[in-house]
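Trainee: Residue strings, one per chain:
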Amino acid sequence: MSLDSLQAPPSWGHKTTCLAILLLAAVASWFWLELSLTDVVPSRGGWLVARDFLSRALSPAWKSEAHYIPPGTPSLPWIALGAAAQTLLFAAAAMGLAIPLGGLLGFLASSAWWSDEMIGRRNKTARRFRQFLCPIIWTFARVQIALLRSIHEILWAILFLAALGLSPMAAVLAIALPFSGVLAKIYSELIDEAPRAQAHALRSAGASTPQIYLFGLVTPALPDMIAYTFYRFECAVRSSAVLGFFGFPTLGLYIRQSSASLNHGETWTYLYVLIATILLLEIWSGSVRRRLLS
Amino acid sequence: MIPHKESFEYLHTHRPRSRFLQISLTLALLGPAISWWIGNFSWSDLTHQRRIDNLRRFLDNIRPHPLRHQDWDWSIAWKWVLDFLTEPGLNATLSTLAISILAISFAALWGTILALPAAKTLTRASPFLPAGGSEGRWRHGAWNGLYLLTRFSLALLRSVPEYILAFLLLAMIGPGAWPAILALAIHNTGILGRLGAETIENLPPEPMASLRALGARRSTIITSAILPPALSRLILYFSVRWETCVREATVLGMLGITSLGFWISEARAHGQYDRLLLLVSLGSLLVLLGDLVSALVRSRMRQDLR
Amino acid sequence: MHALSSLNLAIDTGEAVAFVGPSGSGKTTALKLITGSVRPSRGQVLLYSQDLSSHSPGELRRLRSRIGFIHQELCLLPHLRVWQNILVGRLGRHSLPASIRNMIRPPRKILEEIHHILSRVGIGEKIFQRTHHLSGGQQQRVAIARALFQKPRILLADEPVASVDPARAQNTVELLTQISREQGLTLCMSLHNLDLARNFFQRLIGLRMGRIVFDQPASTIERSQWENLYQLNSPQRPPDVP
Chain A
1 MSLDSLQAPP
11 SWGHKTTCLA
21 ILLLAAVASW
31 FWLELSLTDV
41 VPSRGGWLVA
51 RDFLSRALSP
61 AWKSEAHYIP
71 PGTPSLPWIA
81 LGAAAQTLLF
91 AAAAMGLAIP
101 LGGLLGFLAS
111 SAWWSDEMIG
121 RRNKTARRFR
131 QFLCPIIWTF
141 ARVQIALLRS
151 IHEILWAILF
161 LAALGLSPMA
171 AVLAIALPFS
181 GVLAKIYSEL
191 IDEAPRAQAH
201 ALRSAGASTP
211 QIYLFGLVTP
221 ALPDMIAYTF
231 YRFECAVRSS
241 AVLGFFGFPT
251 LGLYIRQSSA
261 SLNHGETWTY
271 LYVLIATILL
281 LEIWSGSVRR
291 RLLS
Chain B
295 MIPHKESFEY
305 LHTHRPRSRF
315 LQISLTLALL
325 GPAISWWIGN
335 FSWSDLTHQR
345 RIDNLRRFLD
355 NIRPHPLRHQ
365 DWDWSIAWKW
375 VLDFLTEPGL
385 NATLSTLAIS
395 ILAISFAALW
405 GTILALPAAK
415 TLTRASPFLP
425 AGGSEGRWRH
435 GAWNGLYLLT
445 RFSLALLRSV
455 PEYILAFLLL
465 AMIGPGAWPA
475 ILALAIHNTG
485 ILGRLGAETI
495 ENLPPEPMAS
505 LRALGARRST
515 IITSAILPPA
525 LSRLILYFSV
535 RWETCVREAT
545 VLGMLGITSL
555 GFWISEARAH
565 GQYDRLLLLV
575 SLGSLLVLLG
585 DLVSALVRSR
595 MRQDLR
Chain C
601 MHALSSLNLA
611 IDTGEAVAFV
621 GPSGSGKTTA
631 LKLITGSVRP
641 SRGQVLLYSQ
651 DLSSHSPGEL
661 RRLRSRIGFI
671 HQELCLLPHL
681 RVWQNILVGR
691 LGRHSLPASI
701 RNMIRPPRKI
711 LEEIHHILSR
721 VGIGEKIFQR
731 THHLSGGQQQ
741 RVAIARALFQ
751 KPRILLADEP
761 VASVDPARAQ
771 NTVELLTQIS
781 REQGLTLCMS
791 LHNLDLARNF
801 FQRLIGLRMG
811 RIVFDQPAST
821 IERSQWENLY
831 QLNSPQRPPD
841 VP
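Protein chains in written order, with the working numbering: chain A, 1 to 294; chain B, 295 to 600; chain C, 601 to 842.
Just so you know, these hints were derived from the structure itself, not from any lab. Note that the Cβ used here is the ideal one computed from N, Cα and C, for glycine as well. Be careful, since some hints might not be right.
Unchecked claim - Subject to a maximum C-alpha distance of 27 Å in a straight line, what follows is the list of computed BS3-like cross-link-like pairs (lysine-lysine):
#	chain 1	residue 1	chain 2	residue 2
1	C	K751	C	K632
2	C	K709	B	K299
3	B	K414	A	K15
4	A	K15	A	K185
5	C	K751	C	K709
What the hints assert, rightly or not - Okay, the calculated bits of chain B under chain A, using three or more residues with CB under 8 Å as the criterion:
#	region
6	383-391
7	465-474
8	540-547
Okay, chain A solo, but in the shape it has when bound (with noise of 0.2 Å):
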């Protein structure tokens, strides 16, 4: 008791607070859903496919389980890691649109670029740009995030494919959109929180408002942007692979086609090479995001 009151840091009372609220909200979300513990327990077909399912958790399959394998039809390994390799490049594809977009608006969505020391007072159409035009582009660009957020890249492929039909467009554009915003969002946060002084340094030296803004905002904000893109990167190959379901040529169209045909042994040889893309990619990441910021 008097190592816990001797430890306890003085603002205990925010935390405390918020796990309250989270716990009544459990609790009336459980009575709110009509939950049941005995829910969880399989039904009798739920413990057969669930064997059947899991028992082949070691045994993952090497060859096709289909009944009729088309002539010409490469072998699984080779059909996963194409699979794979499409999950990449979706991915990819879609970053090459979301960094771009999220770089754009994430910088005018920052205060940094229109405040007092970078546009200063000099002559009336400064302060004139800074009164009007600029509050404007920054809601802008706020409100523009916000949409692009809150929507989710499923919900994005599901529009698109509904207004565009079945295109690689529609996926690549449903992951674009989302991942923009979420850059954006943080870009904004970390151009805000990089130390100003590099700015000051350039403004005295003479550097144009550019190049002000290209090496004093956004250079020193540059490793934790670099960073948070290849964490994003890591999200949009796993955001690519569910996109699979909506009959994308990705893992998961794999994974579902296979699930649906009960050939377990199939579905985990895909969820194997997911697992394995997905946790390549982390340690690639992870040590490209220490090296940076070390």
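Starting from the known structure of chain A, arrange chains B and C on it as the hints suggest.
Mentor: Frame of chain A; chains B and C shown alone:
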């Protein structure tokens, strides 16, 4: 002639370079370009006649159902929205929220518990003390094994996307809210466990070391010197992950679980794009609301951390 | 509120001047007036007998690119290499694309020039290091090298030796005065330390609450004048009384 150790020649040829970083960054820059080149993506696909017809049909269908064959009337549109909210809309929104809250509660509990053995500073034969010689080698091995095992299981838990987990769980436990809750809880346990472990590892070690030197047990250290100071940051992470839980819970319904997503896939299947759009906006509103709450919690926690 | 009032002084080319006075006396503002980053609400600043306020922003930038400013808090980017931080000094003279290219793949000639300047300030071997791996004293030398890389005609240093141990303070001030003498630069520095100011500068300007208290050759400064400047009879004594 061998250049002098401080000459420019010597420094230039021996300048520190991280090949790994150079290759990684080049790959990161070239990757998207390559994927656009070898992948099947092109902007011209969007201007194809078939796509444009499709788009026109979609835009026609967006118009609220009762207004499809008459002029725009706000009162009818408003009534349509209200009818929709009372029938599935509000219920589904609340269910989505409930699923996300339960999922983050489970994930918070298990993530915190699993963060302890995943923290390198704690999972050692003699935590927070200079390595002593009294313990046997096998005890070191056992603790190290526990650490590696937890870290690896956490990585496994978070490596399968929520949607795929829910899909697999649905086949086993059948329809209802549980597959969604469990899928979200499992994935987020993996993430929160790792974040929690890193938080614990980054705590200043002095209080723990002094407690240990006084002979305190591991459990005492955990409850008195680890969890209290780590809690602010943990709650901060909970709220960040809860945001994504809300987003995901919306979508998981598409697998036939009673959240917004269920009605979204219904509307999609029946080609009711007016309802689809309304449901998506409802989901987007919910996410924005979640962001707001979580931003509030985070600002409080940041105050504590300062 | 005026940071400075009735400040009337002329500094000759090649002169080495120290601004002294307690914190908040307007030393920093005086230096910033010279670069034009602070504008006087009344009166004018003449640089090379031209009114600063008559310059267009472009001309002002061109002028600034020849003024080396050493900031008190150094203003270096910790994650960049030393040469990149120094290159920043000359960005004002490059176009935007050229400055991006130089930051990523600098021409060898520029690197050699940076190495030459770094050797002059005594840390030539650090050129390819990451800046945050350097000690505080070395980082300060990087900041000095950045100012020198601008090929300045005027060198301004804002309290370069505040919160620095005495040995390093002496070294820094000596280095700066020596280099300005060698290259014929005008040097203006704000300082707290009477001994350093007297040893290395010909002319001292005492500022107090935005007004000039004295402006005379360093050799003629009396200790009483100094005590008067810092009001050493008042209870709040500055920490670094010589």
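Trainee: Any of the earlier hints contradicted here, and which numbers?
Mentor: none
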